[in-house]
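*Asks:* Sequence:
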Amino acid sequence: MYHGIQDYKQDNNRVHLVMEKGDTVFFHPLLIHGSGRNKTQGFRKAISCHFASSDCHYINVKGTSQEIIQREVEEIAEKQYGLKSGTGFQVRA
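Take the position in the sequence shown, starting the count at 1, then add 553; the result is the number in my numbering.
If you are wondering where the hints come from, they were derived from the structure by calculation, not from laboratory data. Hints are all accurate, no fakes.
Simulated crosslink set (DMTMM-like; lysine to aspartate or glutamate; CA at most 25 Å straight-line):
hint : residue 1 : residue 2
1    : Lys615    : Glu625
2    : Lys615    : Glu628
3    : Lys598    : Glu628
4    : Lys598    : Glu627
5    : Lys592    : Glu573
6    : Lys598    : Glu631
7    : Lys632    : Glu620
8    : Lys615    : Glu627
9    : Lys615    : Glu631
10   : Lys592    : Asp576
11   : Lys637    : Glu620
12   : Lys598    : Asp576
13   : Lys637    : Glu627
14   : Lys598    : Glu625
15   : Lys598    : Glu573
16   : Lys637    : Glu625
Simulated restraints, written as ranges between beta carbons of each label pair:
hint : residue 1 : residue 2 : range
17   : Lys592    : Asp560    : 30 to 36 Å
18   : Glu625    : Ile600    : 18 to 24 Å
19   : Ile558    : Glu628    : 18 to 24 Å
20   : Gly616    : Lys574    : 46 to 52 Å
A virtual CB, placed ideally from N, CA and C, is assigned to each residue, including glycine.
All chains, please: the whole structure from these sequences, using the hints.
*Replies:* So this is what it looks like as structure tokens:
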């Protein structure tokens, strides 16, 4: 589910983090970030946490560029959790 970055400039400043086993780092969702491949036999743990105000409302993405992402999220939800699209599961934008 990677959709790329438009107009990314390779010469943008980068910050490389040297981390020790057990370290944690948090990123702002608009910050472009990534890592090299995992060179260990273990695995990386990741947590994605989002906050949405109670003032948020559902936005119908049909016919927009977000419709493809909605379908991908629904497919993942169906495979991972057995949730069928159209059964009350909605993607909020």
